[in-house]
Structures are given as structure tokens and as C-alpha cells.
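Residue numbers (this note's numbering), protein chains in the order written: chain A, 4 to 448; chain B, 4 to 448.
None of these hints come from the bench; they were simulated from the model. Hints should not be assumed to be uniformly reliable.
Copies of one chain are not kept apart here, so a pair can be met inside one copy or by any two copies together.
Taking lysine-lysine and the DSSO-like style, the derived pairs with C-alpha atoms no more than 30 Å apart in a straight line are [what the hints assert, rightly or not]:
#: 1; residue 1: Lys360; residue 2: Lys407
#: 2; residue 1: Lys34; residue 2: Lys360
#: 3; residue 1: Lys34; residue 2: Lys176
#: 4; residue 1: Lys8; residue 2: Lys96
#: 5; residue 1: Lys229; residue 2: Lys407
#: 6; residue 1: Lys185; residue 2: Lys380
#: 7; residue 1: Lys59; residue 2: Lys80
#: 8; residue 1: Lys34; residue 2: Lys407
#: 9; residue 1: Lys185; residue 2: Lys27
#: 10; residue 1: Lys93; residue 2: Lys8
#: 11; residue 1: Lys93; residue 2: Lys13
#: 12; residue 1: Lys380; residue 2: Lys396
#: 13; residue 1: Lys34; residue 2: Lys59
#: 14; residue 1: Lys407; residue 2: Lys448
#: 15; residue 1: Lys185; residue 2: Lys396
#: 16; residue 1: Lys34; residue 2: Lys399
#: 17; residue 1: Lys264; residue 2: Lys379
#: 18; residue 1: Lys27; residue 2: Lys379
#: 19; residue 1: Lys241; residue 2: Lys380
#: 20; residue 1: Lys13; residue 2: Lys59
#: 21; residue 1: Lys407; residue 2: Lys27
#: 22; residue 1: Lys448; residue 2: Lys34
#: 23; residue 1: Lys27; residue 2: Lys448
#: 24; residue 1: Lys13; residue 2: Lys89
Below are the chains, spelled out letter by letter.
Number of protein chains: 2
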Amino acid sequence: MSKVKPSLPKGTRDFLPNEVMQRKYIFNTIKNVLEHYGFVEIETPAFERLETLTGKYGEEGDRLLFKILNSGDFLSKVDDTTYQEKNSTKLLKDIAEKGLRYDLTVPLARYVVQHQGDLTFPFKRYHVAPVWRADRPQRGRYQEFYQFDADIISADSLFNDVELSEILIEVFKRLQIPVSIKINNRKLLEALAIYANAPEQLVGITSAIDKLDKVGMEGVTNELEKIGLNENQIQQIKTVLAITDITALEKVFASIEIGRKGIEEIQFIFDNIDPSHVQFDITLARGLTYYTGTIWEVTANNVQMGSISGGGRYDNLTEMFGGQNMSGIGISFGVERIYDVMEELQLFPSNIVQGVKVLLVPREENNTNHCYDLVKKFRSYNISCELFTGNIKKQKQFNYATAKNISFIMEIGSDEIESSIYRIKNISSREEQKLSIDAIIEQLK
Amino acid sequence: MSKVKPSLPKGTRDFLPNEVMQRKYIFNTIKNVLEHYGFVEIETPAFERLETLTGKYGEEGDRLLFKILNSGDFLSKVDDTTYQEKNSTKLLKDIAEKGLRYDLTVPLARYVVQHQGDLTFPFKRYHVAPVWRADRPQRGRYQEFYQFDADIISADSLFNDVELSEILIEVFKRLQIPVSIKINNRKLLEALAIYANAPEQLVGITSAIDKLDKVGMEGVTNELEKIGLNENQIQQIKTVLAITDITALEKVFASIEIGRKGIEEIQFIFDNIDPSHVQFDITLARGLTYYTGTIWEVTANNVQMGSISGGGRYDNLTEMFGGQNMSGIGISFGVERIYDVMEELQLFPSNIVQGVKVLLVPREENNTNHCYDLVKKFRSYNISCELFTGNIKKQKQFNYATAKNISFIMEIGSDEIESSIYRIKNISSREEQKLSIDAIIEQLK
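Could you put the whole structure together from the sequences, leaning on the hints where they help?
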């Protein structure tokens, strides 16, 4: 075996044990809320047939898919004429049939169509898994990263919109992240385009409004001019965007049917949740054109970062795989960003990075058997513990206990063994007690 | 978007919600034991540099690695002379730099060398993750499957061998799988080769003994003849293989130093565990040549299946990446086979596939608001529940509750709303009670 200086592919990461514990804390908090609301977890393979993935994410997406080379003599089936062209795009079709998962949405659509007979509808599923994109890596952007999606398929009832709003509130409450949860409805943006006499410009208007956060109202005005709207139309849009109150908006859209429907939907949500946790925001657009109703976006307060969660209602998820049209609604938790926010605001509870209760350290080599007897005794009381099996040099064991977030350390020599009185030290307070083993068990239980 | 009939790449699987719950039960049981013993979890990326993986698994392994095509115009850097050869092996080097993880051992070695300064030694880590192999798929063999490894790096002390023995006992006890845990020591096999006057034939002898289960003693005899051992030598080996008692073996190996050492090591383990749970077996060889001391193998009793767990002590894990030589010891849980065994023996506890406590079903559309008020009330008492948001046709809701393993169902109409007395039905016993909402909350809490 040749010696290779070890390194990782660009844009990928190892996780150290403490990071894994912190990440699991986030995942488990979200999972617990979702399971409390009746969501179940699914899993799909890391790679899918390229046929399944290609064409679902636009041209850029196709380019960013990681393709897996066919196994064995992958060139054997390539005909010479094609090969001679030396064209990557053409050759690709003949040498790669699989690609790494790019998101969790297309696999969900495939899964629902493929297993339709085995699923229970309304199908409330969550899925947390890595996805891979051949993006240029940069600070905070990786080629391998986790997504965490929760969706309801066959979700006609507006109570699903209510429940997902509640879930967003509950998750960030449990994570103790101060957030703004904004809500809007795609139908109101359609109404806005009609109101401004430019229904055919819905996509352009939405995309202009979507940039409001970045470019300000002036920038939006420029965008709207660019797509050909006149001063009057732009003024009408700006008037509506300034409205923050649903009742006021209701009057403006009184004669636009889709506007009335959008108002009704959003009002329904506010009627069924604690309205103080969610803000209506007509300027919330979200770029994805497949949304048809409710849309959400969550940002962390006082942190410079994009949205950490979001989602919405959509209609034609399963259509791409020939499934019957089923309404869907879903939210996605940006778990990588949530991690960064919690790091920055120091929101991780200290007790989640937690080792065993107690480390037993023999003072001399020949005290080890006695230590191990105590280890077995502790374990019989379900007290987690470790025997220090490393090289015995004073202070190293203490470092071991500190690094592994162990709560107590007991160093055991012939004095302790003879007297049956043991010293137990609290690692964080450095306080030491002398106790019988039964008293120690009582304390650690 | 074109419509594609959805399917999966061969050798890969989706998991339905109930399967996910059962798999998580296995993973969590093993995790809980390991964490109780001070093991911490790590994560590594799904793909590694091919440089890291190639040459570590033999020629067949290299062939079975899934290679990832370089992004973008992957042919642009291939020079024409190389390209003209149309040779898959040669072209591969220029068009693929990454490969999917083949096991968790090589990533561990890389990880330990790369993060040495950030780790605490003895480093007890576990890692549970999918690995990928381009093997021909067949019943029970997949191209994507999970491995679950626990290793201790820098593990000179024999107490590590003791602890891993205890962990094997504890895990299968908690999973309630009746197993045989066999233990041997590589040094005894070395002693055996010396005893038979064929020390240079250690690998051949080990590999012959390794086949004992499949080919019987006659087959082993044939194998030993094939590698050139004479009748006398073979007889000596067979005599030793018939010994089941450590004390008896001690006498046979009395004059062979490495034999005495092996006996000492294995005796040390038996002195520190409950010996009734583990069997010494001199015929346990395990093919992997890198083991240097203790070896384990676990099989499920009364099930036709290979080993479901195994492991051993090894020496030079980090050497392949230029790390200093660190002793290591580890075990691997065959989680896919453990799942199959538990299915076959029906060992999954029924309560692990568990939905919410109660499903609330409006009898008429206009009872939904009242139902949702109750949902909110239940949740405020931390009672998990779901509002049925599907189409209301009698019996469908009951199917929904059954399929999702929900414990109780409450159908609510105007009668219940007016009288404030609700009917709650136990899904499994079909027993129904009529109670006030406070009484129901008391019962569900």
C-alpha cells in the first residue's frame, strides 16, 4: 500500500464527535416535533438513475449532478463513431447511468409514484439525508450537505397549512432560535399582477419582488421597468407591497377572484394559530415557480444569513413520473445554516455534548483490575462509565475526561482499595469528595 | 419534463416508514450500548479521493469501487494519444478523481491521521453509514448497504478486548437475538503453524481452517494437502483443532512462545467477563490477514445465515496514510443481516413501529374546527395526535389509523360536540369508551 497524505475531496467535510452530537441535537429536535405531529421517516438510495434526475433541475442542475461511471469496462459499449467525437456531453450518455441525489424532492416524487399502493394518504413524510452538488465550494457552501424536508402529499385541506405553520413555530421555539416566520400566498402575487394589469408578467413581477431584500424598493422598480411595466403599473404594485394588513389588502383585491381566494386561505391560517408568531408579508415571493398557495420563509433574527427554513404549497409533484396529480405542501429546514446560526448565537445547550458519567483511572498498573470491577459494578446500576486504558501519566487522564465531556473522574490507588473510601472529582467544578462506593453509586444514579 | 416510469438503480432500495423504524431500532440499540461504554460517533463524506481508496481492497475491490465522473467537460484534460487507445482503465485516471466509500475502515484510517491533533486517545469511535460496492446484486446483497463499526485506536490494553467482548454480549442481549459469540486469537493460529512445523504456511493454514464451516474437516484436510503439508503435519493440526479447552491447549503450546502469549491474552478476557456467554474456538480463523490478536465472530442460533458480527485486533491501520503505528481493535455489526434475522425470528418488539397516540376524525366537514381545537388541547398536554385531513368516507380513517399504528381513534360529530362526551376507540382491541375530554386526556397522558 502506497502512503498517501490524507485529504478530502474539495467541498466535503469530516465531522468530529462533538460536531456530530450538535448536529444530531438539531436533527432530533426537528424529528421529535414532526413525529409528534404524525410524520414518518423514509429513506431512499444515495444515487438514482440519471433518467430520474436529469431535466428536473434546469440546465444548471443537470450540470451540477454528480454522475457515477458505469462499472467495469465502461467504454466497451461506446461505438467508435461517437467515441471519435471526443464530446463529453455525448459520451456521458454511454458511460454513466446513475447520479448522486441532488435534492430530496425528486426522490420523493419517484418514491410516492413507485410505492403508492404501500403508502397511507395523506402521506406525511420527513427525510433527512445528504445531497450532492458539484457547485464551486465556498464559505458555507459544500458539495455534500444535508437537507431536511417534511412534506404532506395529498394535502387538499388547509389544516395542513395550519399544521406546518405550527411545526415551524414549535421547531424554532425548541431550538431557542429567535426567528421571523413570514407567510404569504402565491395567489396574492397572481392577484397583484392582475391588479397591475399585467397578469402575463407574473413570473417577472414575482422575480423582481423576490429581490427586494437584496436590492431595495428602488432596485425592484428598476426590475419592473426592465420587464416593461409603466409608471402607473409600478406605482400600483408599490402601493400594494406597502400593505401589511390582511384586512386592508382584502379591500384592494375585492374584485379579483384569485385575490379573494388567497386572502381566505391566509386568513384561515391566522384564525387557527397563535398569530403573534407569524407575520404576513405580501412582499415574500420565493423564486420557485411551482408554488401555488401558502408560502413560508424563516430567518433568524440578528444574524446575517439567508433564510433557514421555508416552503410552500405545490400541485404537480408526482406528475413528472406519470403519477396522478396529488396536491402537496412541504417545508424544508436548512440544517447546515441552522447549525451555523446556533454556533454564532451560542445556542447549543452545554449538556448535549456529553460523555459518560465517570472515568475510572488506575493510579498504578496493578490497580486496573480493581478499577474494572468498579466499572462493572457501575454498569450494573446503569451508570455509564469508562475505564482509562491509555498510558498512565498524571494529567493526561484529566485531559481525556475534559475532552470527552465526562462528568466525574475517580483515580484509584492502593489507599482507596484498602480503605474502601474513594475520591470522586467533579470535572467542571474540580470539587472532590471522599465517599464509599455505595454513596458514589447513589450520587451517580 | 418528460414522464419516466420510476425505478431504482439495481441493487439499491427505498425504505418504507415501518422499515425505517425497525432499522432505527437496531441502530439505536447498538448506539446506546456503545455510548454507555464511552464511544463517540463520527461522520465522513460519502465519497473520498480515489487516491485514498484505490489499492486498499485488493484488485477486486478496486474494480468494485463506484467512481464519480469529474464535473463539467471531463474530456477536456484528456490528451489525444491516451484517448485514442479507448482503454477504460487508462481513461479512468483522467476522468474520475473521486469514488464512493467502500467500507468504513479506510475512511477511519484517513480520519485518524488527518485529525490526530483534535482527537482524544484511546479513540473510541463508532460510525454507521451506507457503503457502496458495484457487486452483482443478489438476494440479500446490495450495491448500497449500511455498515456499523466500532473501533478503539491506540488500544494497547487488553481491557479493550474485554470491553468489546462485553459490548457484543450486551448488544445481542438487548436485541434479544440468541447468538453464539466465538472468540480466538490470531497468535494461536501462528502457534499452530509452528507446532505443525510449517510457520511459513500460516496464511495457507488459516485460509484452510477458515473454510471448516463450509467444507468440513475433510475439506480442510484436502486444502492442507494442496498447500503441501504432509500427513503427519496435517494430523498435528487436526489434533489441535479438536481441542476446546484453553488449559489443554496451554500444555500443547507450552514450548511455543507466541502460543503462550495467545493463551495469556484469551485467558485474560475470560477472567474478566462472564465466560458463559462466549465460546473459545481454536478453529475460528477469519480470513482477514491483518488481525494480530483477539478475533470474534457472532452467529445467530437456529438461523441459516453467515456471521452477523465480528472483528478483531490489528496493528497497522494508520500506516497506509503515513500515520505513526497505532494499535487498534474493532468490531463490526452486520446490521443488514441482523435485520433479516430479526424479521425471520420475529424479534422486533411491536411497540417500535408506533404512530401518534390518537387520530381525530371529523364526522362532517363542519366538525373539523372543533376537532382541531381538541388537537391543540392534546398537544398542549404533550399528547401526540393527528387531525385526519383526508377525504371523509367511513372506514378510510380507520385504515389510516391502523396503517400508521395509531393507538386510538376519536370520531367527532355534532352529538359529541353538544354533549361534550366523546367516544374514543382503541384500534387494536376495538374497545370503545365514552368519556369527557378531561378523562380522555388523563388516560392518554
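### Query
So which of the earlier hints does this model not fit?
5, 15 and 19
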